[in-house]
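Okay, here's what each chain looks like letter by letter:
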Amino acid sequence: KAGVTQTPRYLIKTRGQQVTLSCSPISGHRSVSWYQQTPGQGLQFLFEYFSETQRNKGNFPGRFSGRQFSNSRSEMNVSTLELGDSALYLCASSKSSGGEQFFGPGTRLTVL
Amino acid sequence: AQRVTQPEKLLSVFKGAPVELKCNYSYSGSPELFWYVQYSRQRLQLLLRHISRESIKGFTADLNKGETSFHLKKPFAQEEDSAMYYCALNPGYSSASKIIFGSGTRLSIRP
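Heads up: the protein sequence lines correspond to chains F and Y, in order.
If you read the first sequence in the working numbering, its first letter stands for residue 1, the second for the next number, and so on.
If you read the second sequence in the working numbering, its first letter stands for residue 1, the second for the next number, and so on.
Check the hints yourself; a few may be wrong.
[Said to hold, decoys possible] Sample of chain F residues with no beta-carbon within 10 Å of chain Y, all distances over it, derived:
id, residue
1, Pro8
2, Ile12
3, Thr14
4, Arg15
5, Val19
6, Ser27
7, Ser70
8, Leu112
[Unchecked claim] Listed next, with one range per pair, are the computed distances between beta-carbon atoms:
id, chain 1, residue 1, chain 2, residue 2, range
9, Y, Gln78, F, Thr53, 40 to 46 Å
10, Y, Glu8, F, Ala2, 47 to 53 Å
11, F, Ala2, Y, Gly58, 26 to 32 Å
12, Y, Gln45, F, Gln54, 21 to 27 Å
13, Y, Gly58, F, Lys57, 36 to 42 Å
14, Y, Glu79, F, Gly62, 43 to 49 Å
Simulated from the structure, these hints should not be mistaken for lab results.
Even glycine gets a Cβ: it sits at the ideal position worked out from N, Cα and C.
Start from the sequences and build out the full structure, keeping to the hints where you can.
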């Protein structure tokens, strides 16, 4: 079965712009989590969605938001981009909240 | 505060030698602990979780609540074990996922 897919794979934006990243979970998975990975901070939890509801949120500013659609696909939005938002954004899906997570390949965001 | 500490950024051992990747956590409750692995050019994937008590690819990890540790061990390292290893903690069993990752240890197996 197809794994978690993320689009786009690479993105270059400038400061002040906004960006939307997309994640398609494995078929049948209802939970989608997002993580930010940077060399300095490592892997940090952003938020989790389950059945279109945000179930948990990490310590990120309100510029970071997300949503989940009825087909479990999820989007993550970052507004007013800052240089420090440059990172690899990983999405992971699981059948249930708290279950084994399967990761996507990530979207590499560069903010200039 | 919930925290996962992996003290070694890089661990290099010879093929056939034992491996131990250290992980300590800080959490007042009963966490669920995992080891994730990322091989070169591959996705991050779950290696094992403490509640399963399994041995995966020869690796085992025992939760020591007294020492708040969850070290990953393998008696005989193989070259294909070279990868980035992350210890992780989920503060709530069967609840919302909020995985807290350690900074990772790069394991390099020398032939």
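Against the structure, the hints come out as follows:
1. Consistency note on Pro8 (chain F): stated as away from chain Y, and its beta-carbon is indeed over 10 Å from all of that chain's, at 17 Å minimum.
2. Ile12 (chain F), annotated as away from the interface, keeps every beta carbon of chain Y farther than 10 Å; the closest lies near 22 Å.
3. Non-interface call for Thr14 (chain F) relative to chain Y: holds, since the shortest CB-CB distance, roughly 29 Å, exceeds 10 Å.
4. The non-interface label for Arg15 (chain F) is consistent with chain Y: the shortest C-beta to C-beta separation is roughly 27 Å, beyond 10 Å.
5. For Val19 (chain F), the non-interface assignment is confirmed: its Cβ lies about 22 Å from the closest Cβ of chain Y, beyond the 10 Å cut-off.
6. Separation of Ser27 (chain F) from chain Y is adequate, the least Cβ-Cβ distance of about 17 Å exceeding the 10 Å criterion.
7. At roughly 20 Å, the least C-beta separation between Ser70 (chain F) and chain Y is larger than 10 Å, which holds for a residue marked as non-interface.
8. For Leu112 (chain F), the non-interface assignment is confirmed: its Cβ lies about 26 Å from the closest Cβ of chain Y, beyond the 10 Å cut-off.
9. For Gln78 (chain Y) and Thr53 (chain F), the hinted distance range of 40 to 46 Å is satisfied, since their beta carbons lie about 43 Å from each other.
10. At about 35 Å, the CB distance of Glu8 (chain Y) to Ala2 (chain F) disagrees with the hint of 47 to 53 Å.
11. At about 29 Å, the CB distance of Ala2 (chain F) to Gly58 (chain Y) agrees with the hint of 26 to 32 Å.
12. Look at Gln45 (chain Y) against Gln54 (chain F): about 25 Å separates their beta carbons, and that is inside 21 to 27 Å.
13. One distance hint, 36 to 42 Å for the beta-carbon pair Gly58 (chain Y) and Lys57 (chain F), holds here, with the actual separation near 37 Å.
14. With their beta carbons about 46 Å apart, Glu79 (chain Y) and Gly62 (chain F) fall inside the hinted range of 43 to 49 Å.
Taken one by one, the earlier hints fail for this structure only at number 10.
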